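Those protein sequence lines, which keep their order, are chains A and B. Following the numbering used here, the residues of the first sequence are numbered contiguously, the last one being 283. Following the numbering used here, the residues of the second sequence are numbered contiguously, the last one being 283.
Since the hints were derived computationally from the structure, they do not count as laboratory data. Just so you know, not all the hints are guaranteed correct.
Which copy is meant is left open, because identical chains are indistinguishable; a pair holds if it fits in one copy or across any two.
[What the hints assert, rightly or not] Here are the simulated lysine-lysine pairs, DSSO-like style, with alpha carbons at most 27 Å apart:
no. : residue 1 : residue 2
1   : Lys238    : Lys259
2   : Lys101    : Lys207
3   : Lys248    : Lys143
4   : Lys143    : Lys125
5   : Lys259    : Lys125
6   : Lys259    : Lys123
7   : Lys248    : Lys101
If you're wondering where the values come from, they're calculated on a predicted model, not measured in any experiment.
Protein chains: 2
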Amino acid sequence: MHQLIHHIQKITGNRDIAGDNISQFFETKTFKKKENLLEEGHRCLAYFFVVKGCLRLFFTDSNGVEQTLQFALEDWWMTDLNAFRSGRNSAYTVQAIEETEVLSVTAANYDLMLAKYPVIEHYFRLVYERAYAASLLRIRMISRMPKDEFYDLFQSKYPGFIQRIPQKVLASFLGFTPEYLSELRKKNVKSK
Amino acid sequence: MHQLIHHIQKITGNRDIAGDNISQFFETKTFKKKENLLEEGHRCLAYFFVVKGCLRLFFTDSNGVEQTLQFALEDWWMTDLNAFRSGRNSAYTVQAIEETEVLSVTAANYDLMLAKYPVIEHYFRLVYERAYAASLLRIRMISRMPKDEFYDLFQSKYPGFIQRIPQKVLASFLGFTPEYLSELRKKNVKSK
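Pulled out of the complex, with its shape left as it was, chain A reads as follows (with noise of 0.2 Å):
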């Protein structure tokens, strides 16, 4: 829980939060490598804060295709939102791409939390503030700049990911063959 909590205070600029309190809401589970969270078509139960670890966030196209749409590093939560909210089955499956250790909380004591811990409230008021904002840029990205562009400033920002990410992964979310991919980091190794 401890850093569930440090991420609260760090986000809030609160430091007086009652740490055994909100850890009742929550279990703490571990993934294996390639392992499942949750699965398209199943009902989406949790949301996951990612306390070690990366997840991704992918659905599989009419082609059979995995397309990743989102990463999950330390200190982010990630499930899908829209059907953690409403209950419904998951159009996405989330998954491990390293061992990852998760803090996981169900709806109704995500609800419960919110509703009886104002900084819990805040906390994510400001969470969903910060990724709704930067979600602006991604969409800029994606649809208005080109792809080389969009390599070099997703670079610049997340230099961890380009790391951690097996290649094929990393192409699909920026939607890249891979090879294209692969040119671009030749391209980029030669101009340093």
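Given chain A, work out where chain B should sit, using these hints.
Same frame as chain A, now just chain B:
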């Protein structure tokens, strides 16, 4: 103010909101068609809630073309949220598409209001949670969906938009040429 109070009640389910307390943080402003509420490169000093009308958010690309990334109809919030949060200059222009009435709040008043009224914190947590969840679907549509399917889905989700928004602006938002959009519309009319 009536419309914002109604929206807060609708989103939070809380009927017990003191409109007088909230209204002190806002100014009502009216903008003519094509008037700018916020300009690219200028300080982002306000956040807008649309009471009546329609706004768009765009930037001007290196070819001098206006690229529209977002719209806001009634009950939607709009600003360059990154710039508003940080106090930096805006990367976008916000412009009225029709004559538009907004409630405008400064960053200082936004923070005050959130700190003072837990129901407002709750409201914005839900507004951003929804908006962030919706942004994932938008990213999926933009990056992974054939253009004609994207248009069909957009039309079914937001039928009001298609009528109210100028063709050229809608094409820019969808990432189409105006000619391609015009073809899609003709095809749609025929197939009905």
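Output the numbers, in ascending order, of every earlier hint that fails for this structure. Violated hints: none; all satisfied.
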